[in-house]
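Chain by chain, the residues:
Number of protein chains: 2
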Amino acid sequence: MKFLLFLFVGVVHLLSLNSGKAIYKNDICQRTFQEIKEEIACYGDVAKAIINLAVYGKAQNRSYERLALLVDTVGPRPSGSKSLEKAIQIMHQNLQEDGLENVHLEPVKIPHWERGEESAVMLEPRIHKMAILGLGSSIGTPPEGITAEVLVVTSFNELQRRAPEARGKIVVYNQPYTNYSRTVQYRVQGAVEAAKVGALASLIRSVASFSIYSPHTGIQEYQDGVPKIPTACITVEDAEMMSRMASRGSRIVIQLKMGAKNYPDADSFNTVAEVIGSKYPEQVVLVSGHLDSWDVGQGAMDDGGGAFISWEALSLIKDLGLRPKRTLRLVLWTAEEQGGIGAFQYYQLHKANISNYSLVMESDLGTFLPSGLQFTGSEKARAIVEEVMSLLQPINITQVFRAGEGTDINFWIEAGVPGASLLDDLYKYFSFHHSHGDTMTVMDPKQMNLAAAVWAVVSYVIADLEEMLPRS
Amino acid sequence: MKFLLFLFVGVVHLLSLNSGKAIYKNDICQRTFQEIKEEIACYGDVAKAIINLAVYGKAQNRSYERLALLVDTVGPRPSGSKSLEKAIQIMHQNLQEDGLENVHLEPVKIPHWERGEESAVMLEPRIHKMAILGLGSSIGTPPEGITAEVLVVTSFNELQRRAPEARGKIVVYNQPYTNYSRTVQYRVQGAVEAAKVGALASLIRSVASFSIYSPHTGIQEYQDGVPKIPTACITVEDAEMMSRMASRGSRIVIQLKMGAKNYPDADSFNTVAEVIGSKYPEQVVLVSGHLDSWDVGQGAMDDGGGAFISWEALSLIKDLGLRPKRTLRLVLWTAEEQGGIGAFQYYQLHKANISNYSLVMESDLGTFLPSGLQFTGSEKARAIVEEVMSLLQPINITQVFRAGEGTDINFWIEAGVPGASLLDDLYKYFSFHHSHGDTMTVMDPKQMNLAAAVWAVVSYVIADLEEMLPRS
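Protein chains in written order, with UniProt numbering: chain A, 1 to 472; chain B, 1 to 472.
Only chain A is shown next, with the shape it has when bound in the complex:
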């Protein structure tokens, strides 16, 4: 995932909840909640069949094995790379061979950035070769690098206070990690803020919950009218060390070399497959993850896991001979890491049909042992989703949290479509996120089985209910 947008749409609905059950049961909705509840209860056996197949039956470990084969074969899949292209071709073929319907590719132009060779060496107070990862979209340095003194700050506020000291220096941000959505602002805006006060480059403490000297990359954004300066992430360890050195009055000098380069946009595709609805084929429950990754590790967790449990959801439903009333549409997004480029294109192309989207789902926060579902939508819709999640009692994953989100589905959620995402251990997720450590070693086949079961039950039942999820 690129960065979290905690949508507070849900809060509004929470406030209107006061008017309560009376309104709920008597409004224009065709069916009472009691009727819907009874309808959902009838899916107990189907849910059990899905769980049995995914967790204990023939399909167990399938999403893990499929994912391992893909990511071992193609490796990481950055936007604009040959390996992403290859992964899309393989997935296109995989989905066809799996017997899914309407398998096709939807073209998108996507950014193409490459980090090239890069290095950072501390020259003073002692020689120390630092681990870095250039940030996505950053420009490179001149070939001889940028050699400059360092200014260490722990916040944008401190940078403002010490603005006169920043000119001609390399700004090092040693911001503490609070949570991802807050801390990631330093990665995204660090270069712009440093450039505004005359810095030559910026080095950002990796946005990570845990570190073994592991740099964590990600996208950064330049601003019109602000000079573009090279920017990279450094390890938590080096950021803290430089902070200690600076607090002792040591002069720190770094030589930064980055061969990073932005190339012309590349051709790519969102990859689509369906189980076509039996009664309302034009109506859709969208199930998704993204196929691109950063250029380090294997992109197994971010977001191989999400993409592959989404595929698995459709596979499980097909294998059980189920066909929901509405169409289940799998989309494997391209160029999510560059800001949901594939998803934005998809939204532009399909938004005319928005009234037919019952639910948009994305798994992009890990596929470890699920804590439950994050959901954004009306309180009526939430009540229905809670009933559906109660079908997962056999595997004890029934919780519904607020703030369903995902870079790729936020376009729809912001336009009023109910949205759901899978929640699990975010401390673990942000230990490996965007680092060399995002590999199959992090993934657990049993946890993926459970995640796929949740994903399949929710998407199938909601696609099969008599009515679409209410938006108000």
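Careful: at least some of the hints might be erroneous.
One copy or two, either will do: identical chains are not told apart, so a pair holds if it fits within one copy or between any two.
To be verified - Below, in silico cross-link-like pairs of lysine-lysine (DSSO-like), each with a Cα-Cα straight-line distance of 27 Å or less:
| id | residue 1 | residue 2 |
| --- | --- | --- |
| 1 | Lys279 | Lys257 |
| 2 | Lys351 | Lys37 |
| 3 | Lys86 | Lys129 |
| 4 | Lys325 | Lys380 |
| 5 | Lys351 | Lys48 |
| 6 | Lys446 | Lys261 |
| 7 | Lys82 | Lys129 |
Don't read these hints as lab results, they were simulated from the structure.
Based on the hints, put chain B in the right spot on chain A.
Chain B only, in chain A's frame:
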């Protein structure tokens, strides 16, 4: 620490425990256990004073701050390096300035190995640049590297079974991590076993409890009569990936380049300081950690922490104006990571005096929140140590475990001297051990305060008791 030797001397004593208390009280020992127990109970106030100074008083965070300054200034301190030499000089001066007694250096010749430039690139089935760390004492490759097919095995047994396949290949060990002392055999003997079956090089899965794509180095040992082949550690992630690839029948080819080189032995020193005993100055309680480290990270945890809580123990005792009956001797070992070279030299030089060593202590398993003390010695000595540890009730660290050990003190323990080591979270320790991640970021000042308090109370009280710890 280099590698754990779980000594089972304790087991023998355990078996003889049956004969029990009767023997204990009536044997030739001058004082009954009850008398010793009462003597130890009198140290309650002293223990509280030490704890107060270390944990809540003026000395709090001192060992952390001292350590940060040293390791930020000199960085990692591998055997034979200029930085180790510099660290020894600084420590010599630090101990003098601290007002400790008999501060001096004892010369030792130590190995000098440097890794030079090194790289490993997977050429087939896909291009993948791998993180590696050459293993200490390994020879290098020819400048053009060694390019060869890979044989992946998960154990020495599998290597034996598949010996005919190994000739002319690079052997990759993907042994699972069970515990350190067992798993480390692959790092130590992997090259020799691979060479015996005709391999050109060996790559060892890092011996680590947790990984974020982090290679963990360490010493390896060649054997006379077996060809020397280059050997390095790879990450858990790459070992597992190659294992999966091999199990699918993929041909794996790696190009390994290592500039590693062994240089002539270098001059170095064990660094010694004392609080001289008031009544039996010739009798000793030895408190120690090692000052050398591997050449990655900062050697903050292994064994900066152990060395600095050992110094702190003497500082605390001195600051409180305490002077035990026996001499408290601080030794900061050199070249522990090469197999306790400094400690072996010290043992050779001082073993004539072995009857005067009451207790040898080493902290080389981390200075996180202590679980307690590991102890090797007679059951009588253990009973005394348990009483001493009960003085640490105010900070709730009172447990005495079996198998006190440390590469540097094992020479004495094996010769019958009681030995103690500090035990804490080994999962955490082996997450960072011998990796780039062994930095101050791992260290916690509050945990170091507690570790120093334990170390100071145990060493002081045992040095001040009327009698030395009994050996039988």
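Against the structure, the hints:
| no. | hint | result |
| --- | --- | --- |
| 1 | Lys279 - Lys257 | neither (59 Å within a copy, 63 Å between copies) |
| 2 | Lys351 - Lys37 | neither (30 Å within a copy, 82 Å between copies) |
| 3 | Lys86 - Lys129 | between (34 Å within a copy, 19 Å between copies) |
| 4 | Lys325 - Lys380 | within (21 Å within a copy, 78 Å between copies) |
| 5 | Lys351 - Lys48 | neither (35 Å within a copy, 71 Å between copies) |
| 6 | Lys446 - Lys261 | neither (40 Å within a copy, 45 Å between copies) |
| 7 | Lys82 - Lys129 | between (30 Å within a copy, 17 Å between copies) |
In terms of the numbered hints stated before, the structure departs from hints 1, 2, 5 and 6, listed from lowest to highest.
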